[in-house]
Amino acid sequence: MTGSKTGIHRETRMTRYLTTTALALSMIGGAAMAEPVKVGMITTLSGGGASLGIDTRDGFMLAVEEAGNPELEVVIEDDQQKPEIAVQLSDKMIQSEDVDVLTGIVWSNLAMAVVPGATRQGKFYLSTNAAPSQLAGKGCHENYFSVSYQNDNLHEAAGAYATNEGFGTMFIMAPNYPAGQDSLAGFKRFYEGEVASEVYTQLGQTDYAAEIAQIRDSGADGLFFFLPGGMGISFMKQWAEAGIDMPVVGPAFSFSQDILPAIGDAAIGVKNTAQWSKDIDNEANAHFVEAFEAKYDRLPSLYAAQGYDTARLLLAAMDKADISDADAFREALRAAEFDSVRGKFSFGPNQHPVQDIYVREVVSEDGTLTNKIVATAMEDRGDAYAEECKM
Amino acid sequence: MSAAEIPAPRARRAAPSRETLVNAGLGLALLVFGLGAWLLDEPFLITLATKVAILAIAGAGLNLVLGYGGLVSFGHAAYFGIGGYTSGILAHHALNYTPMFEWPFLFEGSTSMPLIWLFAMVLGGLAALAIGALSLRTTGVYFIMITLAFGQMIFYFAISWPAYGGEDGLPIYVRNGFPGLNTLDPIQFFALAVAVLFAVLGLISMLAHSRFGLALQAARQNRQRLMAVGIRPGGVLLVAFVISGAITALAGALYADLNRFVSPSMLSWHLSGELLVFLILGGTGRLFAPLAGAGLYITLEHVLGGVSDYWQFYFGLLLLGVVLFARGGVIGFLTGGRHG
Amino acid sequence: MSMILLIEQLLNGIQSGLMLFLMAAGLTLVFGVMGLINLAHGSLYMVGAFACAGVAAATGSFWLGLAASIAAAAAAGAIVEVAVIRRLYARDHLDQVLATFALILIFSEGTRWLYGSFPLYLNVPAALSGSVTLPGGIQYSLFRLAIIGAGLAVAVGLFLLIGKTRIGVQVRAGEADREMIAGLGVDIGRLYTLVFALGAALAGLAGALVGTIQSVQVGMGEPVLILAFVVIVIGGIGSIKGALIGALLVGLTDTMGRVLLPPLFSLFMETSAATSIGAALASMAIYILMALVLVVRPGGLFGARA
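Protein chains in written order, with this note's numbering: chain A, 1186 to 1576; chain B, 370 to 709; chain C, 932 to 1237.
Quick caveat, the hints were computed from the structure, so don't treat them as lab data.
On a predicted model such as this, the values are computed, not experimentally measured, just so you know.
A couple of the hints might just be wrong.
What the hints assert, rightly or not - Quick look at which bits of chain C chain B covers, simulated, 3 or more residues with Cβ under 8 Å: (1) 954-965; (2) 1041-1054; (3) 1141-1152; (4) 1172-1179.
Stated by the list, open to error - Once the Cα atoms are required to be at most 25 Å apart in a straight line, the calculated SDA-like pairs of lysine to any residue come out as: (5) LYS1223/A / HIS671/B; (6) LYS1323/A / LEU673/B; (7) LYS1323/A / TYR533/B; (8) LYS1223/A / SER677/B; (9) LYS1373/A / TYR1046/C; (10) LYS1323/A / SER479/B; (11) LYS1172/C / ALA1077/C; (12) LYS1575/A / HIS671/B; (13) LYS1373/A / SER1197/C; (14) LYS1323/A / LYS1480/A; (15) LYS1223/A / LEU673/B; (16) LYS1480/A / PHE1523/A; (17) LYS1480/A / TYR1046/C.
Glycine is no exception: its CB is placed at the ideal position from the N, C-alpha and C atoms.
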């Protein structure tokens, strides 16, 4: 499996990525009416967090290649998960590459570094993942769209789910950084039971023996945790070893397709919340899952789905309006007239999604770990910050 | 530790040496690159050149203690980050019209670079005073590690301290101002950074040739002899450490304005490592080593980064080669081998 | 907090300390004998974890994976020593830091090149999975007990090796006076390669054991590398005893800080803020400990030389 993956790396690496047979087609066609749109994708392609960025890119590029729109050009760069590199890349894309749209950032801290500057310079930013509360509330901007969610959404849904399930007391845990603090706040916003204990772990922590002992001791009805990436893998393996019989719920990040294989069977049965799952029953989704697997030889993750939807939203807007007319283009984006792999999809007043959020369960399908929808946690959920947004 | 192996910078008064010519060439190259980018209307290249200048200032701060004083500080990101946060926090309060404190007098933050720089240098110097006073009790590898420990302490504090964004960092929406300049114009900001760089290099050159500089170099080479003439090496090293911290903090403030953003990554140990890398790439102990090293690093990052996702692999090989086989760094190469 | 929980947390602290000791032992050995700061020790840890995961996935046997981790890390260590490290013994610490920093980049990106960016699967073998009930009713993970055992075994083994064997005599003589031991006809080059490979093998073992209950991915060596440095600096660089004591101190400080500081703060402030501030302070605790130790004893607790 590693062989094919590295093959994809090389293939898509070129910084100037002219889509499909773009040039040839546009020359023959000649009659292309729309203005060309240049997209700058800044995402994480190296280092420990690379798997998220690679999925984002692959999902996005799948939609781009399927559309074969010769007017769309995508430039891809690696931010190394460092905010100062991300800023530098956005400067480069805006100042020398003259892009119209930026996208692709995985991490909230990188988004906070890039988005305010980019939107103020009149560029569109379409978020494929990170959507910090600052950018949804007072810091919202007419050129900023989140296609994924608002950061709190999945945590809120977990809170709603815990309430629905009648968990009387919950142990809640997240790393001690802004996204972690937002996570626990989001959970509590919709959880009506009692919080048995609230624990902040260290960012990047890998050993959770002490926390697991506290959880066991708390005797809570359930555990909610938000530990993205390697932290979640470590925690779940150690949790399974501890053999504690307590239901676990968390946002999808620790159970998305890119890391499930690394956790192994320890993840089976865990409930997690997401706005997308590969078994959502609609035509766009069925096609996406099949095409992604065919092209990349692995199942798509949440990040891949978000990347795919972002590209489709952009392509739909390009069909309706010229990028040179920013107001018309913005309206076309707001209309969001595309078939989302999530099914229903629309934008709220702060240009963040209004969508259903599901509860998924980790299951083993023919020996492959994946997620299956078991319930709907929230319907038509917008976000908690829309009111603060003055646009 | 065998610090004496680091080639010693020597005071020179004779006709311009080969190194002086190389230094002049390096300074000129930076200016020409920036101005060339401006003429070609390539603002991003100006931004890159500005980044080189600013990182070179940070490296110059480190060079004072490392190249001249022989102290391997593995925690200089701390002062860089403190400078960055000084700029970010002052601007944050000024832009949001939220006073920083009201007692003993009303202070609403500031967006004026000279004032921010002053604050950054004072705070960076104070931090270096506290950290240096404790760290200088140790030597050798213990010194390397205790400076790293203080750096990590501040890093974790910044990540989990929610008031100024924690790990998310703090955006500065509009670049801070400098009287008489439009700092938002890339070429003007570049000119400002280069002016600061040359001023800092001039200051360091002056210090190196002063009585203080000679005592500093003596502290590296032979502490006993220094004590014999009645100078406490600890005091000399501490003063150098404080000046070094202040200079690196100044670079941090500029860097925050370059990116219009500060975050704890400015405080990470990787950054401390990168500053050390600049010096060794450039040629440890040479006045212009930070400029040569930062220039080479940024160039490689862009050239190699465009070629392969795995560019750090090649960069690692190159760095290894320089450490093992080309100890004079870029400047050593350009001046034809060993020092002097 | 109940007494039982407190005891369990102390046990967790000791366990995390011994985990760190596995890592720190090789680091301090290499520094003690050759006077070398090796930042790439974390990369050898990663090599061990990847070798274990790779072989375990291919053969289905965790134990073969464990053996492979030791062999792979030792081999990688020996190759690196011959190709790079031996040129660094006579250099100053700055050169050592930078050259081994370069090795980190080469190892990390090289591994990513070979294995891709997605984390690997490695799980506890059936024989060691699940938990046992200790006296007093403490439920404790069997695998963690095994790590405690491995840590103690390595500690005893190293003390015996250094104290009782011919190699140990040479190592100690080499620490004291390098010229003399060369004069006595010992092949110092071979001795150094051997010691470095031994240190690497210990790192590989640590990587495999710890990787089993953590995440096997590129970059996994860096956080633990910094912690291992904290350990050996507190203990006194070059001292195995110091590394053991230092590791236990760091493990206990970190664990008990995480457990006790947040409730301590919530005694006099609102819970959410208290947990956040308590956790922030806990993450700084070991660095504060290290600074305190060095201020009082600039050569570490059992340091022979700086």
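How the hints compare with the structure:
1. Remark: the region 954-965 of chain C is not confirmed as covered by chain B, as 1 of its residues place a Cβ nearer than 8 Å to a Cβ of that chain, below the required three.
2. Counting residues of the region 1041-1054 of chain C whose beta carbon lies closer than 8 Å to any beta carbon of chain B gives 3, which meets the minimum of three for the stated coverage.
3. For the region 1141-1152 of chain C, the proposed coverage by chain B is not satisfied: 0 residues have a C-beta within less than 8 Å of a C-beta in that chain, short of the threshold of three.
4. For the region 1172-1179 of chain C, the proposed coverage by chain B is not satisfied: 0 residues have a C-beta within less than 8 Å of a C-beta in that chain, short of the threshold of three.
5. A hinted pair counts as satisfied when its Cα atoms are at most 25 Å apart, and LYS1223/A with HIS671/B qualifies at roughly 21 Å.
6. For the proposed pair LYS1323/A and LEU673/B, the alpha carbon gap of about 40 Å is over 25 Å, so the pair is violated.
7. Taken as a hint, the LYS1323/A and TYR533/B pair is honoured in the structure, with Cα atoms around 16 Å apart against an allowance of 25 Å.
8. Annotation: proposed proximity of LYS1223/A to SER677/B holds, straight-line Cα distance about 22 Å (limit 25 Å).
9. Restraint check: the Cα-Cα separation between LYS1373/A and TYR1046/C comes to about 40 Å, which exceeds 25 Å; the hinted pair is violated.
10. Using a Cα cut-off of 25 Å, the hinted pair LYS1323/A and SER479/B holds, with the two alpha carbons roughly 22 Å apart.
11. Taken as a hint, the LYS1172/C and ALA1077/C pair is honoured in the structure, with Cα atoms around 21 Å apart against an allowance of 25 Å.
12. Pair hint LYS1575/A plus HIS671/B does not hold up; C-alpha atoms about 39 Å apart against a cutoff of 25 Å.
13. With a C-alpha separation of about 19 Å, the suggested pairing of LYS1373/A with SER1197/C holds against the 25 Å cut-off.
14. At roughly 41 Å between alpha-carbon atoms, LYS1323/A and LYS1480/A are farther apart than 25 Å, so this suggested pair is violated.
15. The straight-line distance between the Cα atoms of LYS1223/A and LEU673/B is roughly 24 Å, inside the 25 Å bound, and the hint therefore holds.
16. Proposed proximity of LYS1480/A and PHE1523/A is supported: the alpha carbons are some 22 Å apart, at most 25 Å.
17. For the hint linking LYS1480/A to TYR1046/C, the alpha-carbon distance of about 19 Å falls within 25 Å, and the restraint holds.
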